[in-house]
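Asker: Just so you know, the protein sequences line up as chains P and Y, in that order.
Heads up: the first sequence at position 283 corresponds to 283 in this note's numbering, and the numbers run straight through without jumps.
So the mapping is simple: this note's numbering equals the position in the second sequence, first residue as 1, plus 1000.
Since the hints were made in silico from the structure, they are not lab data.
All values derive from a computational prediction rather than experimental measurement.
A hint or two may mislead.
[Stated by the list, open to error] Chain Y stretches covered by chain P per the calculated footprint, using a threshold of three residues with CB under 8 Å from any CB of chain P: (1) 1019-1027; (2) 1038-1046; (3) 1106-1120; (4) 1177-1191.
[As the list claims (entries may be wrong)] Below are the SDA-like pairs computed for lysine to any residue, each with C-alpha atoms no more than 20 Å apart in a straight line: (5) P:K315 <-> Y:Q1236; (6) Y:K1017 <-> P:S14; (7) P:K315 <-> Y:T1004; (8) Y:K1195 <-> P:P314; (9) Y:K1315 <-> P:A160; (10) P:K17 <-> Y:S1014; (11) P:K17 <-> Y:Q1238; (12) Y:K1315 <-> Y:A1297; (13) P:K17 <-> Y:D1329; (14) P:K315 <-> Y:Q1238; (15) Y:K1017 <-> P:Q238; (16) P:K315 <-> Y:P1314; (17) P:K17 <-> Y:R1291; (18) Y:K1017 <-> P:E32; (19) Y:K1017 <-> P:K17; (20) P:K315 <-> Y:S1235; (21) Y:K1017 <-> P:R18; (22) Y:K1017 <-> P:P47; (23) P:K17 <-> Y:R1109; (24) P:K17 <-> Y:N1214; (25) P:K17 <-> Y:G1036; (26) Y:K1017 <-> P:A160; (27) P:K17 <-> Y:S1235; (28) P:K17 <-> Y:T1003; (29) Y:K1315 <-> P:I327; (30) Y:K1017 <-> P:G313.
Ideal Cβ placement from N, Cα and C applies to all residues, glycine included.
There are 2 protein chains.
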Amino acid sequence: MDTTVMLGHGSGGSMMKRIIDEVFFEAYAGEELLRGDDAAVLAPPAPGERIAFSTDSFVVSPHFFPGGDIGRLAVCGTVNDVATSGAVPKYLSCGFVLEEGYPIENLKRICASMAEAAAEAGVRLVTGDTKVVNRGHGDGVFINTTGIGFIPAGVSLGGANIRPGDRILVSGTLGDHGITIMSCRESLSFSADVKTDAAPLNHLIAAVLAAAPNTRCFRDPTRGGISSTLNEFASQAQADMVIDQDSVPVKPSVAGACEMLGYDVMQVANEGKMVCVVAADEAEAALAAMRSSRYGADAALIGEVREMKPERGPKALIRTPIGGTRILDMLVGEQLPRIC
Amino acid sequence: MDTTVMLGHGSGGSMMKRIIDEVFFEAYAGEELLRGDDAAVLAPPAPGERIAFSTDSFVVSPHFFPGGDIGRLAVCGTVNDVATSGAVPKYLSCGFVLEEGYPIENLKRICASMAEAAAEAGVRLVTGDTKVVNRGHGDGVFINTTGIGFIPAGVSLGGANIRPGDRILVSGTLGDHGITIMSCRESLSFSADVKTDAAPLNHLIAAVLAAAPNTRCFRDPTRGGISSTLNEFASQAQADMVIDQDSVPVKPSVAGACEMLGYDVMQVANEGKMVCVVAADEAEAALAAMRSSRYGADAALIGEVREMKPERGPKALIRTPIGGTRILDMLVGEQLPRIC
Chain P
1 MDTTVMLGHG SGGSMMKRII DEVFFEAYAG EELLRGDDAA VLAPPAPGER
51 IAFSTDSFVV SPHFFPGGDI GRLAVCGTVN DVATSGAVPK YLSCGFVLEE
101 GYPIENLKRI CASMAEAAAE AGVRLVTGDT KVVNRGHGDG VFINTTGIGF
151 IPAGVSLGGA NIRPGDRILV SGTLGDHGIT IMSCRESLSF SADVKTDAAP
201 LNHLIAAVLA AAPNTRCFRD PTRGGISSTL NEFASQAQAD MVIDQDSVPV
251 KPSVAGACEM LGYDVMQVAN EGKMVCVVAA DEAEAALAAM RSSRYGADAA
301 LIGEVREMKP ERGPKALIRT PIGGTRILDM LVGEQLPRIC
Chain Y
1001 MDTTVMLGHG SGGSMMKRII DEVFFEAYAG EELLRGDDAA VLAPPAPGER
1051 IAFSTDSFVV SPHFFPGGDI GRLAVCGTVN DVATSGAVPK YLSCGFVLEE
1101 GYPIENLKRI CASMAEAAAE AGVRLVTGDT KVVNRGHGDG VFINTTGIGF
1151 IPAGVSLGGA NIRPGDRILV SGTLGDHGIT IMSCRESLSF SADVKTDAAP
1201 LNHLIAAVLA AAPNTRCFRD PTRGGISSTL NEFASQAQAD MVIDQDSVPV
1251 KPSVAGACEM LGYDVMQVAN EGKMVCVVAA DEAEAALAAM RSSRYGADAA
1301 LIGEVREMKP ERGPKALIRT PIGGTRILDM LVGEQLPRIC
C-alpha cells in the first residue's frame, strides 16, 4: 500500500481503485458501496414519512484533537443536522478532498473514526467520492458529508413553530469544542477535561420527542455558538429568546479559558450539543428525557421565549447574574476560524 | 457587499448570513433554502419508487474554461451520476469550501451558472453549507454537490445487468472536456471547437429508457475516460467489453490535440457523455433516442459485450483500424490532475 496520498489516487484509474479498496472499503464497506455503481439505490421511507436532507463540509484544523478528529466531526455534524428535523438519520455520503502528500495512515484513522461514529448513530455510509489536489492547494483533508433521514408522520419541527411562553433547553455544557480546538492550535494547556463534545445526538432527540411530542425545534449550536442559534430562532419566530446566564452549564475549565482568551462562551462552537425549544408544559419531561440520554447528563432549562418589542424587532437576550439584561449579539466576523 | 471572501464568511455569524443572502440566495433561493432550518424537508417518492443518492466534489483548475465553469460541472456531474441509476434527479445539496481572498464576483458567476444548469436539469438546490479556509490552504473554491433522485418502479440499472451479446453506445464525441482543461492550463491554443461538453444528461437518459426499456446501465466516462468505464463494466459483468476504434466519435481537433500531447483519447475525461449498454434488439431504438436528444447528436454504436476468456478474466478491448485487438487499460496514475 502507498504511504502518502498521490495525485493518481484521484485519477479515476487503478490507483484510485486501490485507495478505495484499501482505505475506504476497509473502514466501512456496505452492500451499496460494494455494488460499484455511480449512485446508491436506497429503500424509500415508509408511507407518510418525508425526507430530511442536509450537507456539511469539514475543514477543522488540526485534524486530531482531544476527544475526536475530523472524521468523528464529519459524521456527527451531519447526523445532528438531519436529526434536528425530527428525522431518523439513515444514510450518509462522503466526499474527500485530499492533498497530495497526506499520510495514508492518518486517512485510515479518520475513516475508522467515521465508521465508529456512524455505527453509534445507526447511519450507513452508502456512497462516496475522492478528489486529490496538488500539494499546497489544500490542507491534508477536507470532508463533506451529506445525510438523508426519514421524518416520521406527524413530526414537523422548525424555528417557525416557536411561540412566546415556550421554554429553552440545552443538552449540556457549552464551549467545549471551540476551546479544545483553540488550545490545540495555540499549544495552550488547560485542564484535562477540555475535550471536544462531538457526538451523535439523534438518540437524544428521539428521546425528547417521545417525552415531549409538542417540541417546537432543535438546533445544534456549532459555529457562532448558542448566540447564533438563539438569534436565528428569534428571527424565524419573530419573538425574543431570553436566557439566564446563571443557568447555562459551562465547565469551570472552559469558563476560565474563555476569560483568559477574551471569548464569550455564548459565541464559542459546540459539536455535541442541542438547543431545544419546547412547550412550557412539556419542559420538565423534555429535560428529564435529555438527562437520561447519553450525552445529556448536564442538560438544563436555560430560558424562555417572550413577545418581541415591535419597535426593536426580535432579539436574543441574556439576563446577567447582577440582574441586568443585555442583547446577545451574533458573532460578526470570525473568532476561531476552522473549528469544524 | 464585500469584494473578496474573508474568514468571517464561514463564521456562523452575521458575515456568513450576509454571503448567504447576497450570493447564494440571490442565485438560487427556493422555499426549502429560505426556511432557514438545518435540514431541508422533502416530499417522499411516489409509492414503488426508490431513492438514488450520489455525491461528487469538484476541484477543477482553472474555475472558468471554454463552454463552462466549476459551477456547471458541479451541477451536471452529480445530476448525471444520479441519473445513471435511471432516477429522475430531484434535489441537490451544495457545500462550498472557499479560500480567503477569493473574489466574490467569481463566486457569483459560479452560483449563477449552477442555477442555470439546475434549471435545465430540473433539479432544485435545497440545502447548503459554506466553509472558509485561510489563504494558502485551499484553491479559491471547491464545491461538493450531493443529489437525490427518485427511481421509477420497475427500473433497475447497473453494471451487473450486462450480458454477452449486449451492445455498447456512447452519446457523443469523446475527450472534449479533458482537452479543454489541458489547453487552458497550458495556454495551448487548439481550434475554437475545443470546449467542455459539461451538460446535464438526465433528459437524454429518460429518452433512452422510454425507447429501450431493457437498457442494462449507464455510466458517464469522467475521470479515467471511457477506458475506466469499460473496465468497471467488464469487472461488474464478468464479461469482455469490445469496442471498435473506428466507430468511436472524436472531434478531429481533439484527436489532433491528443496526438500532439501523447494522450489516449480513451483515457481522457468527459463531463457530458454517457456510455450505455443495451440489449441487442433495442440498440437501434436507443441510438435513435440519443440522437434526437439535446447533447446526443453525435451518438454512436461503438461495440458489444462478449463472453470473457476464463483464463484471462474480464477485459475491455479495442479493435484497431488495422484489424488488431488490444487491451484497453485503465489509467494507472494521473494524466490530467484536477479536471473535475
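Asker: CA of Y:K1315 to CA of Y:A1297, is that 20 Å or under?
Answerer: violated (29 Å)
Asker: Quick one, are P:K17 and Y:S1235 close enough, alpha carbons at most 20 Å?
Answerer: This hinted pair holds, its Cα atoms lying about 12 Å apart.
Asker: Under the criterion that the straight-line Cα-Cα distance not exceed 20 Å, is the pair Y:K1017, P:K17 satisfied?
Answerer: violated (40 Å)
Asker: Check the hint pairing P:K17 with Y:D1329 against an upper bound of 20 Å on the C-alpha distance.
Answerer: holds (13 Å)
Asker: Regarding the pair Y:K1017 and P:R18, is the alpha-carbon distance no greater than 20 Å?
Answerer: Status violated; Cα separation ~41 Å.
Asker: Tell me if the straight-line CA distance from Y:K1195 to P:P314 falls inside 20 Å.
Answerer: violated (51 Å)
Asker: Please verify the coverage claim for the segment 1106-1120 of chain Y: does it have three or more residues whose C-beta sits within 8 Å of some C-beta in chain P?
Answerer: violated (count 0)
Asker: Is the hinted pair P:K315 and Y:S1235 satisfied, with a Cα-Cα distance of at most 20 Å?
Answerer: This hinted pair is violated, its Cα atoms lying about 60 Å apart.
Asker: When you check the alpha-carbon spacing of P:K17 and Y:G1036, does it fall within 20 Å?
Answerer: At roughly 39 Å apart (the allowed maximum being 20 Å), Y:G1036 and P:K17 break the hint.
Asker: CA of Y:K1017 to CA of P:G313, is that 20 Å or under?
Answerer: holds (17 Å)
Asker: Quickly compare the C-alpha distance for P:K17 and Y:S1014 to 20 Å and report which way the hint goes.
Answerer: violated (43 Å)
Asker: Please work out if Y:K1017 and P:E32 have their alpha carbons no farther apart than 20 Å.
Answerer: violated (37 Å)
Violated hints, in rising order: 1, 3, 4, 5, 6, 7, 8, 9, 10, 12, 14, 16, 17, 18, 19, 20, 21, 22, 23, 24, 25, 28 and 29; the structure is consistent with all others.
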